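Asker: Here are the chains, one letter per residue:
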Amino acid sequence: MAKTSVSNNVTRSNRKWIIGYSIAGLILFITYQFLIPWEGLPLGIYDAVYQWMPPSAINESLVYVIMALGLNIVVGYAGLLDLGYVAFWAIGGYCAGWFMSEFFYFLNIHFLGSVPAEAPGIHINFWMVLLIGGFVCALFGILIGAPTLRLKSDYLALVTLGFGEIIPQVFFNGENFFGFNISNGTKGIVRVDPIPVGVKDLGPFDFGWKLLIFLLLTAVMVFISLRLRRGRLGRAWLAIREDELAASMMGVPLMRTKLASYAVGAFAGGLGGVAFATHVDGVYAERFNFTISIFLLAMVVLGGMGNVWGVILGAFILSWVNGNGLTAFGQFYNDRFGTEVDFASFTFLLFGLVLILMMLFKREGLLPESRLKLMLHEDELDDEDASGSKKKVGK
Amino acid sequence: MSAMLEVKNIEVAYGKIIAVKDISVTVNNGEIVTLIGSNGAGKSTTLRTISGLIKPKSGEITFNGKRIDGMPGHEIVGMGICHSPEGRRIFPRMTVKENLELGAFLRNDKSAVNADMERVLDLFPRLKERIKQTAGTMSGGEQQMLAVSRALMGDPKLLLLDEPSMGLAPVLVELIFDTIVKIRKQGITILLIEQNATAALEVADRAYVLESGKVKMSGSAKELSADDKVTKAYLGH
Chain C
0 MAKTSVSNNV TRSNRKWIIG YSIAGLILFI TYQFLIPWEG LPLGIYDAVY QWMPPSAINE
60 SLVYVIMALG LNIVVGYAGL LDLGYVAFWA IGGYCAGWFM SEFFYFLNIH FLGSVPAEAP
120 GIHINFWMVL LIGGFVCALF GILIGAPTLR LKSDYLALVT LGFGEIIPQV FFNGENFFGF
180 NISNGTKGIV RVDPIPVGVK DLGPFDFGWK LLIFLLLTAV MVFISLRLRR GRLGRAWLAI
240 REDELAASMM GVPLMRTKLA SYAVGAFAGG LGGVAFATHV DGVYAERFNF TISIFLLAMV
300 VLGGMGNVWG VILGAFILSW VNGNGLTAFG QFYNDRFGTE VDFASFTFLL FGLVLILMML
360 FKREGLLPES RLKLMLHEDE LDDEDASGSK KKVGK
Chain L
0 MSAMLEVKNI EVAYGKIIAV KDISVTVNNG EIVTLIGSNG AGKSTTLRTI SGLIKPKSGE
60 ITFNGKRIDG MPGHEIVGMG ICHSPEGRRI FPRMTVKENL ELGAFLRNDK SAVNADMERV
120 LDLFPRLKER IKQTAGTMSG GEQQMLAVSR ALMGDPKLLL LDEPSMGLAP VLVELIFDTI
180 VKIRKQGITI LLIEQNATAA LEVADRAYVL ESGKVKMSGS AKELSADDKV TKAYLGH
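First to last, the protein sequences are chains C and L.
For the record, in the first sequence the residue sitting at position 375 is 374 according to numbering that gives the first Met the number 0, with numbers rising by one throughout.
For the record, in the second sequence the residue sitting at position 189 is 188 according to numbering that gives the first Met the number 0, with numbers rising by one throughout.
Check the hints yourself; a few may be wrong.
In silico SDA-like pairs for lysine to any residue, Cα to Cα no more than 20 Å straight-line [what the hints assert, rightly or not]:
#1 L:K96 <-> C:D242
#2 L:K156 <-> L:D204
#3 C:K151 <-> L:L52
#4 L:K109 <-> C:R229
#5 L:K54 <-> C:L296
#6 L:K109 <-> C:L232
#7 L:K96 <-> C:L232
#8 C:K151 <-> L:P71
#9 L:K54 <-> C:L244
#10 L:K156 <-> L:L120
#11 C:K151 <-> L:Y13
#12 L:K96 <-> C:E243
#13 L:K131 <-> C:G230
#14 L:K54 <-> C:L253
#15 L:K54 <-> C:R229
#16 L:K96 <-> C:R229
No wet-lab data here; the hints were simulated from the structure.
Note that the coordinates shown come from a computational prediction; the quantities given were computed from them, not determined experimentally.
Please construct the entire structure, taking both the sequences and the accompanying hints into account.
Answerer: So this is what it looks like as structure tokens:
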């Protein structure tokens, strides 16, 4: 029974992670903000970093981490398969597009924004837009969830898939949405306001400082995830994931609890969406496609459903491979062997392969949640063991 | 004795399939009442209807004088009707303790919950030994003990037990039935479903015999266990 005590870690309350996380984050920040631009740095290292792990790739990975943590609440905690998570990314993104750009050029609304007062459009402070994006997404999560969450597993997945297609399509064709231009359609909303942090405004190329902000947002999501997980709501989610009917027999209000997971998950989508808009300095409809939803789901599954650290790892690995890793490897390989293989085009072949291998050899993910691991690896005892005296101890 | 639970002429259907045609059951405060009958007689459906998992098509259910049919399941649990379901349905990846804590999901009085935890662990000392074990790795008998204990953690006035002896070794069946009697002594009213009619009639005060979704016979457990038809059909003598 040595193994079974592991599951108690979940209930153990600790905030030790904050220290470790801060140290790791600070090292990352110092490296990218000060060490790499430092003139004394050998050129070889500088080139290598820019080839393998440029600052923009780190920041983009963090956006994926924020999203994956949100999806993890829906999929990993509550056990509801959501194939349309990209919808929340899109809504979050357009919140940034609407409230911190010159998109509504005929208006002139400013609120603690980072641009001069005469600039047209709506310019609300980034930190507030973050909250607006989060809450608008949470609202949409509830609106989408209310009619669909009555459905069971596969059907729920199908309906969320539908919503994940519909919402980005609305934005894609949003140049004429019942007579209004809500998204600039395929042209997208170009340029969003820089992030005001008091002493300066962070534009699209202030990677180092924005890294710090994205790390902070990630920490907020980690905190929310861990906190909720240990609380009453977390237990209710877990119960629903394990056995919905039994959960309702224990008095868990099913609809309300599931909606809460949708709302919190969607909130993260909003944060990530706003963050991503500032990262790419714009909102582009064609980016919000079905692949993203699957991609995020793969991150959660690869990393370890239900375990925030696993999900962070999974999100980092996959977004790095997709964004930069494979291209960099391709360059390296082609230079070395004089070939001209287009490695980036093999991304999905690689993902498919990785997922198949994971399902064969490590179904619970890279950093599994302890209970999932237990379940996938222990056989059930049979009735004889209970009535008789023999006990199986620690397999 | 006053009627705690009154089920009046309920009809319950799963889509087009009618599982319960016309069942009326009364449970008085402090009683053990059992529903016996063969597979498909409508026993489990009746219990599921009482605990709000299914809505009846017609008829009414009152609990301590208040209509509860149509209420959502969690509110019914909150009123003091706790259900230990067919097939146990414990949470397999949670520990015994976590399972028991979930049984008390709606309760906020921490000290009372802890006291109840002690109480159910005294009823089933086996669970005390396994308190940190993952529930899915326990044997069927232990899982059944857990399912009953978990329902008790909700501080029930009325405990619904669905086939607590199913699939258990004879020794354990005896243990479960002994415990049912003990639970009643603690002041909890029990509505019990059993295929093992002999054992059920031994512990129960009154019984209803169900057949094809209707109440065929009812009476005191003693009368029924002496009845020829019941003996032949359900007791296998």
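Asker: For every hint, state whether the structure bears it out.
Answerer: A quick look at each hint next to the structure:
The suggested pairing of K96 of chain L with D242 of chain C holds, with an alpha-carbon distance near 17 Å, which does not exceed 20 Å. A threshold of 20 Å between alpha carbons decides the hint, and for K156 of chain L with D204 of chain L the separation of about 17 Å falls inside it, so the pair holds. For the suggested pair K151 of chain C and L52 of chain L, the alpha carbons sit about 15 Å apart, so the restraint of at most 20 Å is met. Of the pairs offered as hints, the one joining K109 of chain L and R229 of chain C holds, with about 16 Å between alpha carbons and a cut-off of 20 Å not exceeded.
Note on K54 of chain L and L296 of chain C: the hinted pairing is violated, with a Cα-Cα distance of about 36 Å set against a maximum of 20 Å. Restraint check: the Cα-Cα separation between K109 of chain L and L232 of chain C comes to about 17 Å, which is no more than 20 Å; the hinted pair holds. Of the supplied pair hints, the one linking K96 of chain L and L232 of chain C holds, its CA atoms being roughly 17 Å apart against a limit of 20 Å. Between K151 of chain C and P71 of chain L, the direct Cα distance comes to roughly 18 Å. Compliance with the 20 Å bound is thereby established for this hinted pair.
For the proposed pair K54 of chain L and L244 of chain C, the alpha carbon gap of about 15 Å is at most 20 Å, so the pair holds. Our distance criterion of 20 Å between C-alpha atoms is met by K156 of chain L and L120 of chain L, whose separation comes to about 19 Å. For the hint pairing K151 of chain C with Y13 of chain L, the CA-to-CA distance comes to about 16 Å; that is within 20 Å, so the pair holds. Taken as a hint, the K96 of chain L and E243 of chain C pair is honoured in the structure, with Cα atoms around 19 Å apart against an allowance of 20 Å.
A threshold of 20 Å between alpha carbons decides the hint, and for K131 of chain L with G230 of chain C the separation of about 19 Å falls inside it, so the pair holds. Between K54 of chain L and L253 of chain C the alpha-carbon distance is near 16 Å, which keeps this suggested pair within the 20 Å criterion. Distance restraint check for K54 of chain L and R229 of chain C: the Cα-Cα separation of roughly 33 Å exceeds the 20 Å cut-off, and the hinted pair is therefore not satisfied. With a CA separation close to 14 Å, the supplied pair K96 of chain L and R229 of chain C stays within the 20 Å bound.
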